[in-house]
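Protein chains in written order, with this note's numbering: chain A, 30 to 143; chain B, 21 to 133.
By construction, these hints were calculated from the structure, which means they are not laboratory data. By construction, the Cβ of each residue, glycine as well, lies at the ideal position given by its N, Cα and C atoms. Treat the hints with care, as some may be off.
To be verified - Distance ranges between label pairs, derived from CB positions: (1) N67/A <-> L31/B: 18 to 28 Å; (2) T56/A <-> T117/B: 33 to 43 Å; (3) G88/A <-> Y119/B: 46 to 56 Å.
Claimed, not checked - Subject to a maximum C-alpha distance of 20 Å in a straight line, what follows is the list of computed SDA-like cross-link-like pairs (lysine to any residue): (4) K77/B <-> S57/A; (5) K85/A <-> P118/B; (6) K85/A <-> G62/B; (7) K55/A <-> S99/B; (8) K77/B <-> K99/A; (9) K55/A <-> Q64/B.
The residues making up each chain are set out below.
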Amino acid sequence: SQQGEEDPQALSIQEGENATMNCSYKTSINNLQWYRQNSGRGLVHLILIRSNEREKHSGRLRVTLDTSKKSSSLLITASRAADTASYFCATGASSNFGNEKLTFGTGTRLTIIP
Amino acid sequence: KAGVTQTPRYLIKTRGQQVTLSCSPISGHRSVSWYQQTPGQGLQFLFEYFSETQRNKGNFPGRFSGRQFSNSRSEMNVSTLELGDSALYLCASSFGTPYTEAFFGQGTRLTVV
């Protein structure tokens with residue numbers, strides 16, 4: 030079953046605007062990862078944030094993690110048409126050996142309008 | 021270096037048949053995990069292998085099985101296919117330790133008719 034929810038389920042913005050997606054999870058984690066998926070293809074790894082980190086940046090991506098609220102957010106700045114995709118958060122449970130069992134959120138469908 | 025390779029990319033099978041999917045991980049990665057993605061259930065964990073041993077298993081029936089070879093390549097098998105097994109099957113490879121990323125292949129699209 031899905032660990033958590035992503036919010037919103039769908040988001041449409043103009044090119045150049047910023048997009049923010051949120052993810053909530055339920056159990057204790059050792060890390061959280063964000064992935065992008067284009068039209069039913071494979072998942073592309075975007076960023077990993079450890080449970081002891083609060084914020085991480087990678088290019089136009091900014092991820093925050095609040096373990097007290099069991100939530101994370103992904104901010105994409107200066108969006109481009111190529112950012113149109115579904116975005117998923119995935120958590121690695123602290124009870125596992127590593128990231129062998131990721132639990133995924135429901136995903137946010139992001140559409141960038143040119 | 022090469023990414024995760026899954027074969028075949030597309031597959032059409034008939035109910036009752038069995039199917040074998042293959043996954044070649046990134047060189048140096050010893051962990052391979054398998055996931056099923058469907059519109060209704062989303063991404064669901066199937067199982068994970070590390071150094072030829074199954075370390076973790078999801079809540080799928082025994083018709084779903086897998087194995088890993090000494091070169092870390094992995095296969096998953098689904099026997100007695102059902103229409104509901106139609107899905108995108110994704111494998112992910114990683115070092116298998118905490119705080120390391122899991123990288124996914126392009127997936128195998130299985131259609132059961």
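Hint-by-hint comparison with the structure:
no.	hint	verdict
1	N67/A <-> L31/B: 18 to 28 Å	holds, 21 Å
2	T56/A <-> T117/B: 33 to 43 Å	violated, 19 Å
3	G88/A <-> Y119/B: 46 to 56 Å	violated, 20 Å
4	K77/B <-> S57/A	holds, 19 Å
5	K85/A <-> P118/B	holds, 17 Å
6	K85/A <-> G62/B	violated, 26 Å
7	K55/A <-> S99/B	violated, 33 Å
8	K77/B <-> K99/A	violated, 24 Å
9	K55/A <-> Q64/B	holds, 16 Å
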